[in-house]
Every structure is written in C-alpha cells, then in structure tokens.
Amino acid sequence: MEFKLNHFKTLRKRPTLSGILLFLSVLGPGIITANVDNDAGGITTYSIAGSHFGYDLLWTLIPITIALIVVQEMSARMGVVTGKGLADLIRETFGVKPTVVLLIGLVVANLGTTAAEFAGIAASMEIFGVSKYISVPIAAALVWFVIVKSNYKSLEKIFLLLSAFYFTYIISGTLLHPNWGYVLGEAVTPDISLKRDYLYMLIGVIGTTITPWMQFYLQSSVVEKGIKVSDYRYTKWDVYVGSLITDIVSFFIIFTCAATIYASGMRIESAEDAARALFPLAGRYSAWLFALGLLNASIFAASVLPLSTSYFLCEGMGWDSGLNKRFWDAPQFYILYTLLIVLGATIILMPGAPLLTIMVLAQVVNGSLLPFVLVFMLFLVNNRKLMGAYVNGKVFNIVAWSTTAILSVLTAILVVTTIFPGLSL
Amino acid sequence: MNSSEKIASEKSVVKAYGPLWVREISTIGTDRVGFFSQIQGTSVVDSEGVVVGKLNDLSIKPGETLLEVSRIVYTSNILREKVMLPLSNVLSIDCGVRLDLPRDEIPPGKLSEKEILITETILDKQIVDIDGLKVVRVNDVLLAPVKGALCLVGVDVGFKGILRRLGIMGRSGLSSRIMGKLPSRIIPWSYIDLLDPALRKIHLKISRKTISDLHPADIADIIEDLNNRDRLMVLDSLGDETAAEALEEVDPDVQATVVKHMDADDMADILEKMDPAEAADLLDMVTEEKASEVLGLMEPEEAEDVMELMGYSDQSSGSIMTNEYIWVRSYCKVSDIFERLRKAGQDVDMIYYIYVLNDTGQLIGVASLRDLLLADPSGKIDDFMKTDLISILPTASIEGATNLLSKYDFLSIPVVDPEGNMLGIVTFDDALDNVIPEDLKTRLPWNYHKMRRARAKEHGV
Numbered sequence: 001m002e003f004k005l006n007h008f009k010t011l012r013k014r015p016t017l018s019g020i021l022l023f024l025s026v027l028g029p030g031i032i033t034a035n036v037d038n039d040a041g042g043i044t045t046y047s048i049a050g051s052h053f054g055y056d057l058l059w060t061l062i063p064i065t066i067a068l069i070v071v072q073e074m075s076a077r078m079g080v081v082t083g084k085g086l087a088d089l090i091r092e093t094f095g096v097k098p099t100v101v102l103l104i105g106l107v108v109a110n111l112g113t114t115a116a117e118f119a120g121i122a123a124s125m126e127i128f129g130v131s132k133y134i135s136v137p138i139a140a141a142l143v144w145f146v147i148v149k150s151n152y153k154s155l156e157k158i159f160l161l162l163s164a165f166y167f168t169y170i171i172s173g174t175l176l177h178p179n180w181g182y183v184l185g186e187a188v189t190p191d192i193s194l195k196r197d198y199l200y201m202l203i204g205v206i207g208t209t210i211t212p213w214m215q216f217y218l219q220s221s222v223v224e225k226g227i228k229v230s231d232y233r234y235t236k237w238d239v240y241v242g243s244l245i246t247d248i249v250s251f252f253i254i255f256t257c258a259a260t261i262y263a264s265g266m267r268i269e270s271a272e273d274a275a276r277a278l279f280p281l282a283g284r285y286s287a288w289l290f291a292l293g294l295l296n297a298s299i300f301a302a303s304v305l306p307l308s309t310s311y312f313l314c315e316g317m318g319w320d321s322g323l324n325k326r327f328w329d330a331p332q333f334y335i336l337y338t339l340l341i342v343l344g345a346t347i348i349l350m351p352g353a354p355l356l357t358i359m360v361l362a363q364v365v366n367g368s369l370l371p372f373v374l375v376f377m378l379f380l381v382n383n384r385k386l387m388g389a390y391v392n393g394k395v396f397n398i399v400a401w402s403t404t405a406i407l408s409v410l411t412a413i414l415v416v417t418t419i420f421p422g423l424s425l
Numbered sequence: 001m002n003s004s005e006k007i008a009s010e011k012s013v014v015k016a017y018g019p020l021w022v023r024e025i026s027t028i029g030t031d032r033v034g035f036f037s038q039i040q041g042t043s044v045v046d047s048e049g050v051v052v053g054k055l056n057d058l059s060i061k062p063g064e065t066l067l068e069v070s071r072i073v074y075t076s077n078i079l080r081e082k083v084m085l086p087l088s089n090v091l092s093i094d095c096g097v098r099l100d101l102p103r104d105e106i107p108p109g110k111l112s113e114k115e116i117l118i119t120e121t122i123l124d125k126q127i128v129d130i131d132g133l134k135v136v137r138v139n140d141v142l143l144a145p146v147k148g149a150l151c152l153v154g155v156d157v158g159f160k161g162i163l164r165r166l167g168i169m170g171r172s173g174l175s176s177r178i179m180g181k182l183p184s185r186i187i188p189w190s191y192i193d194l195l196d197p198a199l200r201k202i203h204l205k206i207s208r209k210t211i212s213d214l215h216p217a218d219i220a221d222i223i224e225d226l227n228n229r230d231r232l233m234v235l236d237s238l239g240d241e242t243a244a245e246a247l248e249e250v251d252p253d254v255q256a257t258v259v260k261h262m263d264a265d266d267m268a269d270i271l272e273k274m275d276p277a278e279a280a281d282l283l284d285m286v287t288e289e290k291a292s293e294v295l296g297l298m299e300p301e302e303a304e305d306v307m308e309l310m311g312y313s314d315q316s317s318g319s320i321m322t323n324e325y326i327w328v329r330s331y332c333k334v335s336d337i338f339e340r341l342r343k344a345g346q347d348v349d350m351i352y353y354i355y356v357l358n359d360t361g362q363l364i365g366v367a368s369l370r371d372l373l374l375a376d377p378s379g380k381i382d383d384f385m386k387t388d389l390i391s392i393l394p395t396a397s398i399e400g401a402t403n404l405l406s407k408y409d410f411l412s413i414p415v416v417d418p419e420g421n422m423l424g425i426v427t428f429d430d431a432l433d434n435v436i437p438e439d440l441k442t443r444l445p446w447n448y449h450k451m452r453r454a455r456a457k458e459h460g461v
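Here the protein sequences come in this chain order: A and B. Numbering (my numbering) for the first sequence: 1 to 425. Numbering (my numbering) for the second sequence: 1 to 461.
By construction, these hints were calculated from the structure, which means they are not laboratory data. This structure is a prediction, so every number in the text was calculated from the model and none was measured. Idealized CB from N, CA, C, for every residue including glycine. Where hints are given, some of them may not hold.
Computed beta-carbon distance windows for the label pairs [what the hints assert, rightly or not]:
id: 1; chain 1: B; residue 1: Ser406; chain 2: A; residue 2: Ser150; range: 41 to 49 Å
id: 2; chain 1: B; residue 1: Gln346; chain 2: A; residue 2: Pro331; range: 43 to 51 Å
id: 3; chain 1: A; residue 1: Val241; chain 2: B; residue 2: Gln346; range: 52 to 60 Å
id: 4; chain 1: B; residue 1: Pro62; chain 2: A; residue 2: Glu224; range: 53 to 61 Å
Next up, chain A with everything else stripped away, as it sits in the complex:
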C-alpha cells in the first residue's frame, strides 16, 4: 500500500510536539465512526461467525480492513477537500433523481438497522430479566428525549468511554492462553469454502463492517470538524486507527467465541449463549458483562443512526435540519427522526416479530445499497472539478475499484440468495 508508507515517512520526519497535538485535535471522526460500527448487529454477527465457524473466517479480517481503510479514507478526503457532506455532493453533482433513490434506500436500510439496535437492547435487558415490552419503549423514549433535549457532543464522549467494553473481549481472549502462533497463522491463511452457510456468514461479516451509512457519517463528521487540507495527513491516521480498532475488536470477538463456544461444540441461539465467550474473564458474571456491553453498543448506535439519517436526508433534499431548530422550523427533520425511532421500536415490539428476518433484511438492503454508494463515491472522488489535485492516484483507483467490484459481487450473491433461499451455489 503505497499511500500508507508515504505517510509513515512524513510523520517520522517530524515527530514534533505540535505534530502530535495537531493529530490529537483532528482525532475523532474516524474512531467514533469505527465504534458506532461495532453495534448490536456487529457483535451478533462476529459472535456467530466465531461460534459456528471457529477460526475459519478470521483470515477475512485482513482484506476487510484494507477495504475499510480504502473506502473510509476516500470519504474523509472528500469531506476535507470539498467541505461538503456526501449527500450534498451527490445532490449537487448527480441531481435529484439519483439522490432521492439513494436516500430512500439509506432511510430504509437505517430503519432496519435501528430496529436491529432495539433488538439488541431487548436481548441485553432480557438477560437482566426485563421484558422487551418494558425495556424497548423506555429506551426509545430515552433516546429521543436525551438527544433532543441535551448536548449530543457530550453524550458522544460518554458512549465512547463505555465502548471500552470491547476490551473485555481482548482480556477474555488473553486469559484463554491460546497458542498465539496458531491463531495468527489461521488469521493469515485463507480458508475458502464455497458452502452456502460459509459464504452467507462471510458476506454478513463484510456487510456489518462496511456500511453505506458509515461513509455518510464519517464525511459529515470530518466536515463538521472543519479540518483543513493541510492537516489532512492527521485525519488519514485517524481513519487508519479507527478502522484498525474496528477490526481488532472484530478479531477478538470472533477468536474468543471460536476458542470458547465453538470449541465446546455449542451453537448460539440467544444473547446468553453469546455471553459465554466472556466466561474466562467474568465467570458467572459474564452474562451481565455481555449484556451491559451489548446495551451500550445498541443505545449508542440507536442514538446516532436515526439522528444522522435525518440529517443526511434533509441535507440532500434541502430541508432545514438540526436540533437547535424548533419543530416548526424543521418539521421534516423532526418527523423523520421521530418516525425512525418509533417505527424501529415498534417493529421489535410486534408480538412474534420475526427479529432474525428483520435483521437479515436490514443487512440485505444495506448490502445492496453499498455498491451504489461506492460507485458514486468513486465518481466524486475522481472528479477534478471537486477534488483538484486530491483525486485518487492510479494505484489507489485500482485498489478502490477492485474493492468495489468484489464487494458488489459478494453483496449481489447475498441479495440473490436471500430473496431465493432455494438457490445453491
């Protein structure tokens, strides 16, 4: 990876104090995005991947990390260079039709994901013996009121701090005293299988790690931070660090589940089963620890998703948005925000709601949206009128386009096999 090495050199050349301070001041968007990425769907998918397939899927994390870095770096670069959000750029460059189609897709996908977050809340509170009919409405009301009535930025810091929960997987994994040589060997050796279940899981892992929503969110955060082009190299590192954190956490969730649950030959049917991965660390309290972690991740994402989705839609459509506006000054924004939370929670509360189907469907919509978002991004990032000298280089374009192509093929398989489950590969 040529671009990575380059920046290693620049940073090495001047490891000055002001350089470090600058890095800290632009730090944030990449790492926050990465943490929201490890949401209820993420924890569930990684847990199942480790518990049902052992170490087989560990190797995919390296190519996924590369893809994640490539894609996220483009988002961040566009934000810094153009000073505009992704919805903004798509609207201004491609016009109304593609924007409306894409944003409707994003709203539907994120409604599904929001429902999945509420499913995470329901599952984690059920471990404490609280019925979903109590926990979900309270959580929905809490999310709505807290976000509307308080300062989101300070909440974000609390959520981030609580994300330290992911370290429990790292500790739990270490306490198992695994044969590291063997584990790392597994991580770099591709185990390619063409079995349907395996492929399905593979696409699930990719789909939950690289989502369309993240690209919008990262770019907006970078714009909001107002990072200068001259400070871009530090933002790049923020993105790298964030992507690495996401995938190190994924690695440890998969590995810990593989070493505990898979090794004992069990399968995950409920949240309590998934909590067994934390047994080496927390013993009989592992279920509680897991529940708290899942609860935090779910509430964090349930707060960020509906809010940012409403922002993006309003940004693209040209409607007023923002929590500092009153309801009648930004009605579309508030209605959409409220609807996403209310519908998301209602889906989970329907008696006999097909939770699994909803979560999978959300993933399918997200998956089918991703290639389109990536293609739009690639056209935008290579548009000299917008990006000037900051268009993709040749090598980078090859990496980015092939990433897009591979992701497109994989998600196409996912979509087709979901709609026609009878098909065998």
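Since the structure of chain A is provided, determine the placement of chain B on it from the hints.
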C-alpha cells in the same frame, strides 16, 4: 398539448404563487413562465422538423437586471456529444425546442469550460433566501421572457420542485390535484444571494438584495446554517465592519470553528472593528501562536485594548467587560464633555454614562447623560457627579454583575482593580447574553418572521 393550452396552464400556475410573485411578474411584464425541469430533456427539432437531440442545459450570462439565457446545450442524437447553440437560433422553447435552421447548418459549437451552466452553478445548489433568512437548496429554476430575452426570474425551493424533477408532478389527473394543494416555494431572483464563488462575481446593473443588506443578527443566523467554507466566503464578502458585527452575534461554537480557519490577516481586520471584549473571546478560541500573530497584525492601539481583556476566566465579569467607555477628569466642563461625546460616540456604544477618573486612573465619580443634559452647560462635572460608587472586580461572577445591574437599574457597571483603578465596564446586554439559557435565546416570538416581512413590505423593501 398545444402552446395556447400550455400558456393557459402556466397562467393558473402563476396565480398559485401568491401575491408576492404576481407582483414580481407584473413588473417584469410577462406571464409566460416555465420551469427548467419542464424543458430539460425535451426534443430539439430543426427547421425541417427533424429531431436533432435532447435539451440538456442552458448557458447564462448577466443581463441588465436578471441572468439571461445566452445559449442552449443539447445532447446530439447522432454523436451523443454536447452541442451549444446561441439562443438567437431558437424559435421557441414552449413544448420542445424549435430551431430556425436546418440540421446541416448548425454551427459546430462544443461545450467550453468557461460557460456558466444552470445545472452546474444554480440547480441543486445551496443559496441564501434573503426574504426568509434561510439557506435553501434550488430544486428548479423559473424562466420567463423579459424584453425579448429569456431570463432566470426565480428559483423553486419547495417540495413541488423536487416532485416535478422526479416526474411525479403530472399535469392532469389525481396526482396533479393533490400536488396542486402543496404550497409552492418560489423565491424571486431579487431575493437570492448566491454562495457559488463564480456566481457571486456576476454584477448586474441594478443590484439585487444581498446578505450584506441584512441586519447583522440576521446574517449571523444565516452564517450558522452554512458549512464552514461558505461561512468564510460570506464573511469575506461583507466588508470588515459588517463582518465584525455579524460574527459577534454568531453562536460561540460556530465562532470557534470560523476563527480556527480564518487567515490571520482577515481575522486581524475583522477584530479591529469588533468590540474588544468580543475580540478577546475570539482570540481565546485559537491557538496561542495564531492569537499572537493576529495581535501583531492589528493596529497597536486596538491590539492593546484586546490584550488587556484576554486571560480573564470564562465565568468572570472580566471576560465580558469592554474597555470602550467615556471617561473625563473631574474639572471638565459640561459643554466640553458634550463635545467629547460627539466625537467618541462614533466608536463607543455606551455613551449614557460618563465616568470620572483622577490622575492615577482611579474611578472617583460617575454621571449619566440625563444628569449632563439637565446640568448647567458652564458647570463642571465635579458639581453633580455621583461619588457613592457601585463597582465590581474583574474576578466577580457574571451572575453577580447581572444581579447588580438589575438591582440598581444600571445600563453598565464599572470594573475596577483592588486599588480602585478603572479597568472597563460590563454592559447590561452583554451580561444578559451570558445568563439567558442557550435554548431560550433561539426562541423568537412566534409571529416574528411574519411581522418582519409585513414591515419590510410596508417600507417597500
């Protein structure tokens, strides 16, 4: 649909725009208006009736009072390339574009980079609605013939514009009846300020309303709505005095982002025109290096005032005090003080209190403008100034200062050091700004915008 029907339907559209728009139309002297979305994509037909391509875009140039359409751009049917043609070769663009020359005689005109195209500069872009004081997005462009030229007369920023672009907005049937009920949001060209730097440079002979015509507090609202790049551009276009006044009114979080990215040069120019207390607050928001660079670029006198005020803690009265006030010596004559007020009043806001200092700069008395007016012009201020003084230390809390101001009904309160030396004053409105909760400040009377617009109409603005 033939063209007479088309005009008739457009007339009914015009009626739906509301009184403001009808007035605009009548001054322009036409009622044949059409939307860009309705002609984009229609066929371009040559003089012999052969379809040569599809209308793609319009190129514009500044006209007398409006932007004039100078050329059309269409995608040719044969080569699929974009062709430009002057508007003089176009017979009509009512239903499809009809040209006045046969296909073989169309001059070769390739699209050049310099053209100002509607789709590239106006459509889908953000603009500032000067009337509604908002940043909005252009969903459609309204065109009308004015004095023989086709001009951009307004933009549609409403939901109807989006539906029309999506092709959902039918002209007949149920959908159009439902859509017809939706309110239109058309902004006449004269109420638009453009954010695109290329378009800001277009000067028309009769000036449009621009952001700089607004009250600084209204400009501040707009600035808060923009992204950082546009904020800097708008501030840059305002002139230092207005920029300073507007920036003072902006929310502190936004202020911080703005000054972080402003050039030290520009920042120095704006800060010089600003109240020193506000300037000091802004300098506290940037790095020490940048702050000292900015101070170095400012006029030494102004810089000194600002430096005195920096470094007071956030919650203390010192942080909101200003050192722009009127002071005199005790032996000054009333008539001389009036002279002084006339001169200093240009720069100093608080001219309602006159503070009296001794040789060493200690505060010894105060008189109000009222006292001064009622006093004998030949008398000395010493004769009637109040000497039982109420003052605060710079370390006093803002709440404390506000309570004193409210208790004694003062407009400002002097700030002195422990030795009694005058440092500055805290005015009532600065104190109020700091104690009103943030969310209360954004609340305006519910009919504020209505009243504002009604007032503007009365004055014919």
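Quick rundown of the hints versus the structure:
no., hint, result
1, Ser406(B) <-> Ser150(A): 41 to 49 Å, "violated, 29 Å"
2, Gln346(B) <-> Pro331(A): 43 to 51 Å, "holds, 45 Å"
3, Val241(A) <-> Gln346(B): 52 to 60 Å, "holds, 54 Å"
4, Pro62(B) <-> Glu224(A): 53 to 61 Å, "violated, 35 Å"
Going through the hint list in order, the structure does not satisfy hints 1 and 4.
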